[in-house]
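Novice: Sequence:
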Amino acid sequence: MLLSSRPLVIRTFLITFHLAITHIQAPAMMKQKKRRQSDNMSVKSSDRDIATLRLWQQKAHSDLGGVNPDQSVTLAGYNLFSELVGNLSLAACFHLYVKKSLPSPQVERLLSAIVTATVYPDIRIWPNRAVAFCASAGTGNAAGVSSGMLGMEGLMFGGDCVAESFRFLHDLEAAELNGISVESQLEKAKAGKQKIPGFGRPIVKGDERLKPILKVAEEVGLADGSFLSFGRKVEAVLDKKFGIRFNVAAMIACLLGDMGYSYTEVRAFGTFFPMISFLGVFHEHSRLDAKPVFPLAISDIEYLGEKAS
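Residue numbers (this note's numbering): 14 to 322.
Think of the hints as simulated: they come from the structure by calculation, not from any bench.
The structure presented is a predicted model; accordingly, all values stated were derived computationally and were not measured.
Every residue, glycine too, gets a C-beta built ideally from N, C-alpha and C.
Careful, some of the hints might be misleading.
For lysine to aspartate or glutamate, the following EDC-like pairs were computed, each having C-alpha atoms within a straight-line distance of at most 20 Å [unchecked claim]:
1. 253 - 186
2. 203 - 135
3. 112 - 297
4. 246 - 278
5. 201 - 189
6. 208 - 196
7. 254 - 173
8. 218 - 166
9. 218 - 252
10. 72 - 62
11. 224 - 252
12. 206 - 221
13. 203 - 184
14. 201 - 220
15. 208 - 220
16. 218 - 231
17. 254 - 196
18. 253 - 196
19. 254 - 186
20. 208 - 184
21. 218 - 186
22. 113 - 76
23. 246 - 196
24. 112 - 135
25. 253 - 200
26. 113 - 278
27. 203 - 231
28. 246 - 231
29. 254 - 200
30. 224 - 248
31. 208 - 252
32. 304 - 135
33. 203 - 278
34. 113 - 96
35. 203 - 189
36. 253 - 220
37. 206 - 278
Derived DEER-like restraints, expressed as beta-carbon distance ranges [claimed, not checked]:
38. 110 - 214: 27 to 37 Å
39. 307 - 187: 39 to 49 Å
40. 95 - 200: 35 to 45 Å
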């Protein structure tokens, strides 16, 4: 019996000994593991600190301008305070920021004329209506003006229409240089029911803004540019075949093109000029005595969907 039980006794002893050793070593092993984790974390934290420091120490670059605190501000090579303040119109200031050069007196006057002729107080206009709704709802200025900005992004109305008209005319001109006539391009566009930005109006055929803008353009010698001439050529074809003519978006696109504006610069201008009216519209409709904008009665809305059970 004693001999046969010896292997069991030995196995029991070895297991007990192993458990005892493990119990003794476990705290030390845990401490060593935590120390390694701590070292790794400190290294990673240090790496993050260095990376963050490098981000803060890197230099940003701008050819638009810079600030020397408590002394001066440079804008496109000009001293903002000693050279520009009191000498720039709002339109000229826009031109300087976008093109990084001062406009000629002729360009400055025409830009100002375009802005003045196209800032409308009419709250039937989609972006203005959005601003008026926000004002009626009691939002802040930023929310109201932002709603108008979002409403200008349409292809057929607003500042973006000017840029799309600019691109459309440029594409026509480029295709004509490659042997495709303007007439065939326009016929193809109309056959495909493509919208033609900058031409036609939904209510009337003419555009009351064209004459005053063109008058100033003629006075400053900017009414005979090549891009405007091409735009007039396109207008003649569209008027003859489809009865649609220039609206102010195409006129502005052509004049800006002849002033040397690029597509992205035209887009910037299209965002700039309508915004001025938003401030006035918002102010008017946020007064305490202002009435709700275009209120609808319940009976004015007809539901056409499936009826609930």
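Novice: Please go over all the hints and tell whether each is borne out by the structure.
Specialist: Quick rundown of the hints versus the structure:
{"no.": "1", "hint": "253 - 186", "in the structure": "holds (19 Å)"}
{"no.": "2", "hint": "203 - 135", "in the structure": "violated (31 Å)"}
{"no.": "3", "hint": "112 - 297", "in the structure": "violated (34 Å)"}
{"no.": "4", "hint": "246 - 278", "in the structure": "violated (24 Å)"}
{"no.": "5", "hint": "201 - 189", "in the structure": "holds (14 Å)"}
{"no.": "6", "hint": "208 - 196", "in the structure": "holds (16 Å)"}
{"no.": "7", "hint": "254 - 173", "in the structure": "violated (26 Å)"}
{"no.": "8", "hint": "218 - 166", "in the structure": "violated (23 Å)"}
{"no.": "9", "hint": "218 - 252", "in the structure": "holds (10 Å)"}
{"no.": "10", "hint": "72 - 62", "in the structure": "holds (18 Å)"}
{"no.": "11", "hint": "224 - 252", "in the structure": "holds (18 Å)"}
{"no.": "12", "hint": "206 - 221", "in the structure": "violated (27 Å)"}
{"no.": "13", "hint": "203 - 184", "in the structure": "holds (15 Å)"}
{"no.": "14", "hint": "201 - 220", "in the structure": "violated (26 Å)"}
{"no.": "15", "hint": "208 - 220", "in the structure": "holds (18 Å)"}
{"no.": "16", "hint": "218 - 231", "in the structure": "violated (23 Å)"}
{"no.": "17", "hint": "254 - 196", "in the structure": "holds (9 Å)"}
{"no.": "18", "hint": "253 - 196", "in the structure": "holds (11 Å)"}
{"no.": "19", "hint": "254 - 186", "in the structure": "holds (19 Å)"}
{"no.": "20", "hint": "208 - 184", "in the structure": "holds (14 Å)"}
{"no.": "21", "hint": "218 - 186", "in the structure": "violated (25 Å)"}
{"no.": "22", "hint": "113 - 76", "in the structure": "holds (8 Å)"}
{"no.": "23", "hint": "246 - 196", "in the structure": "holds (10 Å)"}
{"no.": "24", "hint": "112 - 135", "in the structure": "violated (31 Å)"}
{"no.": "25", "hint": "253 - 200", "in the structure": "holds (12 Å)"}
{"no.": "26", "hint": "113 - 278", "in the structure": "holds (11 Å)"}
{"no.": "27", "hint": "203 - 231", "in the structure": "violated (32 Å)"}
{"no.": "28", "hint": "246 - 231", "in the structure": "holds (18 Å)"}
{"no.": "29", "hint": "254 - 200", "in the structure": "holds (9 Å)"}
{"no.": "30", "hint": "224 - 248", "in the structure": "holds (16 Å)"}
{"no.": "31", "hint": "208 - 252", "in the structure": "holds (15 Å)"}
{"no.": "32", "hint": "304 - 135", "in the structure": "holds (16 Å)"}
{"no.": "33", "hint": "203 - 278", "in the structure": "violated (28 Å)"}
{"no.": "34", "hint": "113 - 96", "in the structure": "holds (15 Å)"}
{"no.": "35", "hint": "203 - 189", "in the structure": "holds (17 Å)"}
{"no.": "36", "hint": "253 - 220", "in the structure": "holds (18 Å)"}
{"no.": "37", "hint": "206 - 278", "in the structure": "violated (28 Å)"}
{"no.": "38", "hint": "110 - 214: 27 to 37 Å", "in the structure": "holds (31 Å)"}
{"no.": "39", "hint": "307 - 187: 39 to 49 Å", "in the structure": "holds (43 Å)"}
{"no.": "40", "hint": "95 - 200: 35 to 45 Å", "in the structure": "violated (57 Å)"}
Hints 2, 3, 4, 7, 8, 12, 14, 16, 21, 24, 27, 33, 37 and 40, counting from the list given before, are not met by this structure.
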